[in-house]
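Between the sequences and the hints, there should be enough to build the whole structure, so can you do that?
Heads up: the protein sequence lines correspond to chains X and E, in order. The opening residue of the first sequence carries number 0 in our numbering; numbering runs sequentially from there. The opening residue of the second sequence carries number 813 in our numbering; numbering runs sequentially from there.
For the record, the hints were derived by calculation from the structure and aren't laboratory data. Since the model is a prediction, treat every value here as computed from it, not as a measurement. Here a beta-carbon is modelled for each residue, glycine too, at the ideal position from N, C-alpha and C.
Only part of the chain X face toward chain E is listed, based on derived beta-carbon distances under 8 Å:
id, residue
1, Ala-49
2, Pro-71
3, Ala-72
4, Leu-76
5, Ile-78
6, Ala-84
7, Pro-87
8, Phe-97
9, Met-101
10, Arg-102
11, Ile-149
Chain by chain, the residues:
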Amino acid sequence: MAYLELDRVAKQFGAQTVVDDFSLAVRKGEFISFLGPSGCGKTTTLQMIAGFLDPTRGAIRLEGKDLTAIHPAKRGLGIVFQSYALFPHMTAAENVAFGLEMRNVPRAERAERVRAALAMVGLAGFEDRHPRRMSGGQQQRVALARALVIKPSVLLLDEPLSNLDAKLREEMQIELRQIQRTIGTTTILVTHDQNEAMSLSDRIVVMSQGKIEQIGTPQETYEKPASAFVSQFLGKTNDFAAAVDRTATPARVTAGSWSAPAPAGLSGPVTVSIRPERIGFGDAGLSAKIVTRIFQGNHWLFQCDSECGPAIVIRQNDGKAQPAEGEAVRLAWRPEDMSVRARALA
Amino acid sequence: MSAVAEERSARAPWALTAPALMLFVGVLLIPLAMTVMLSFHDWGQYKGIEPVFILKNWHEIATDPYYAEMFWRTFRIAILTTLLTALLGAPEAYILNRMSGRWKSFFLLVILGPLLISVVARTLGWALLFGGNNGLVNKLLMSLGVMRSPIPFMFTETGMIIALAHVMMPFMVLSVWAALQRLDPQIENAAMSLGAGPATIIRRIIMPQIMPGVLSGAIIVFSLSASAFATPAIIGGRRLKVAATLAYDEFLNTLNWPLGAAVATLLLVALVLIVVGSNALIERRYAEVFR
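Listed below in structure tokens is the structure:
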């Protein structure tokens, strides 16, 4: 049974629908990411779970109980805010202890749990520091400890890493994942960073304009994007206009001079979507000319001008010779690496 | 860089600030120094001011309980005015800050609007409402039979405190408002998610963070109230004098300039000491919040 369940949740501000028909079942201990560009409704959804906003329609249930009927202060969720929202007039230990104080945890136990929580996030010895005397990464850890020390039923993370620099962000991602694995708290992360969502989550909810585009594991959403939006948003992709010919036996899908057996179910104009690292240079296939070749250390990035429009190809730097700029090439890929979607005729 | 150019660039800041500096020295420092010097001069009914150095005026202020009463009243009124503005102004700023969009700017204008009107006009408003038998409110209450005699407002400390608090309120609201702007917009949600109720949030999270704003507002209101002239002059008149109106009377009625100068100097020194002292205390106490 689902641990946390959102059932056709919608939120309207006046005439504007910010979140629409949002349904999701989260298993206990799962790490879920809401991924999407800004304004896609991911933070609004998080705030409805937290209780800072009431859904216009739909239900949110935690272990079968209606969560929307419970005051936000009584929901017992742990929240890490984008700005961390630490209490600047309290020390790190006082910040972490606040939630326990509100729960009337006895003083001795409180001190022990605060100490353990700060040690868990790697801040042992920082108990008496004030937040403004700490670095961004340290503040973030205090915020995490403050949210986790109350043993929340669900941990909500609102773009918690977006204010950190790239290197620190990567470190925190690994650490966050480890902590979450260790204590097993059900976690929902809101982010616009696809790398963050992919490296942290068990499942990703890709959102656009208030609607769910796809729910799936990081691998599923990357390799089998359900829509053009998902394939564009999660990493680089090539979309080629193609056509499925059902009159041939077996049916074939054709894009320019490239052709392969067609998948079942589709006919007429389609879009063939293929990741740049899955395209190889071969003897047959889509004919193209290399426009620019960029060396990026562990891989080469080629920008090509193909008969179906611009294409990008990524080849691993395996020491072999690579085609030069201006060279004519043929682009080929395995049919199982592509996804084919119906294309509406303009 | 050559030595000449270096010398020139070192002199540039002085040259650039010279006009302002001269104005500052000319209209503030010199008159101030003259006032201090004046307080040591002698004065007599028939001989006028004698430019000698004596401690007569200071001795008189120190020994005559009349002056002690005057200064005690001045600071009592200033303290109570400060308390009143803090008690009303802090919640006012908080409520204002929680309002949305159009209402917020409208009420901010309502609060700041009075700053555009002269203090004299604003204080006379109180006199029109509560001034003796002819005051509008008094007249109404008496004709309705609610009151037999006018509400004691004019020539009372209470009246003076209320009128001063009214005049000073914008400074307190603005100061607390500025402190509220520094608050993390999610801070109340953060406290709420940890299980804090509305009262706890205000007491434990909001209050400590806006305290520096309240206190700096308090310093402004206190120093302005203690040195206020127009409001005490209109509400208190000659019957209920404070330090500022006392100095005025010495200068313009008794014509005892040296004594007036001594009163003014003492008021200035006391105020500077109080303000600088409390400011240092506040900055040390709230070092973490101010940062």
